[in-house]
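Engineer: The residues making up each chain are set out below.
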Amino acid sequence: MIKIVVGGQVEKQGIADLVKEIGGEKVQVEIKSDIHAANDVKTNKAHYYLGACHTGGGGALSMAMALLTRDKCATISMPGKPPKEEDIIKAVQEGKVAFGFTGDHFEKAVPIIMNEILKKA
Amino acid sequence: MDEMLHMRINLLKDAGEIDEQIAEAVINFAKDVEEQFNTKLDEENASMLITHVCMALPRIKKGEEINPINEVALAEIKQSQAYKKVPALVKNLEQNLNLQIPKSEFGYIALHLCSMEEKNNSKGGKV
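For the protein sequence lines, the chains are H and E, in the order given.
This note's numbering numbers the first residue of the first sequence as 1 and each following residue consecutively.
This note's numbering numbers the first residue of the second sequence as 1 and each following residue consecutively.
It is possible that part of the hints are untrue.
Stated by the list, open to error - One side of the interface only, derived from the structure: several residues of chain E facing chain H at Cβ under 8 Å:
| # | residue |
| --- | --- |
| 1 | Leu12 |
| 2 | Glu17 |
| 3 | Thr51 |
| 4 | His52 |
| 5 | Ala56 |
| 6 | Gly63 |
| 7 | Ile66 |
| 8 | Tyr108 |
Claimed, not checked - Short, incomplete list of chain H residues facing chain E, as computed with Cβ under 7 Å:
| # | residue |
| --- | --- |
| 9 | Gly23 |
| 10 | Thr43 |
| 11 | Gly59 |
Since the hints were derived computationally from the structure, they do not count as laboratory data.
Quantities reported herein were computed from a predicted structural model and do not represent experimental measurements.
Ideal Cβ positions, reconstructed from N, Cα and C, are used throughout, including at glycine.
Model the full assembly from the supplied sequences, consistent with the hints where possible.
Structural biologist: What follows is the structure in structure tokens.
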């Protein structure tokens, strides 16, 4: 079972629903505050952190960067810069566990991230 | 500003995401916002605002640019009552850190300030 926590600041329910829709029985998803979500990954209660904000690299990932270090985090979209599949694949392969994106890109970002995580599992 | 917001700022400072100068500037900014909006900032109404400003300031300091907020959203923000208080708050922040906040970043700070005020009004959260 892959445990995903949704932190960040916006579109939390939409992200969680999409994670569940894609992962089905293979994933467990929980919505938390960004601090609690990042801490769950830090303490191995969850495997991956997903979060969105208006700029992609701000509130989406800030607490994950603080608690997990920047090395474990990937900003995969920013305003006007939609997510690129190859960047996400590379980030997951490199062992990143926290992914931040802008709220308006979550429908594009989440399926790519989840498919890659499921492949890796 | 409540304890949780202080904790956010401290976590980012301890992790090296923000320096002491920015941490202090954000705390002063928060005080300024509390005075201007006659409200108390807490995790619920201001975590987005405080976290955003903490992450935006190092970016601005380093000269990194982001694309501006979309024009439709900005036009909507400008209609908000809270918007007229934004320029003075941003100016104080600029003076405090001796830097210039680009227009693109101004839009996001305005967005967060206006959403905070909207949240306060919808909950009757003014103190």
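Engineer: Now tell me, hint by hint, if it's right for this structure.
Structural biologist: Hints and how they fare:
1. Below 8 Å, beta-carbon pairs count as interface contacts, and Leu12 of chain E has one with chain H at about 5 Å; its hint therefore holds.
2. Satisfaction of the interface hint for Glu17 of chain E is found here, the shortest Cβ-Cβ separation to chain H being roughly 6 Å, below the 8 Å cut-off.
3. Of the supplied interface hints, the one on Thr51 of chain E holds, with its beta-carbon coming within about 4 Å of a beta-carbon of chain H, less than 8 Å.
4. Against a cut-off of 8 Å between C-beta atoms, the interface hint on His52 of chain E holds, since the closest Cβ of chain H lies about 5 Å away.
5. With 8 Å as the threshold, the beta carbon of Ala56 of chain E comes within range of chain H, its nearest partner Cβ sitting at about 6 Å, so the hint holds.
6. Contact between Gly63 of chain E and chain H, as hinted, is not supported at the beta carbon level, the nearest pair being about 15 Å apart and thus beyond 8 Å.
7. The criterion of a C-beta within 8 Å of any C-beta in chain H is met by Ile66 of chain E, whose closest approach is roughly 6 Å, and the hint holds.
8. A cut of 8 Å between beta carbons decides the hint on Tyr108 of chain E: the least distance to chain H is about 6 Å, and the hint holds.
9. Here the hint on Gly23 of chain H is broken, as its CB sits about 27 Å from the closest CB of chain E, past 7 Å.
10. The closest approach between the C-beta of Thr43 of chain H and any C-beta of chain E is roughly 15 Å, which is over the 7 Å cut-off, so the hint fails.
11. The beta carbon of Gly59 of chain H comes within 4 Å of a beta carbon in chain E, closer than 7 Å, and the hint placing it at the interface holds.
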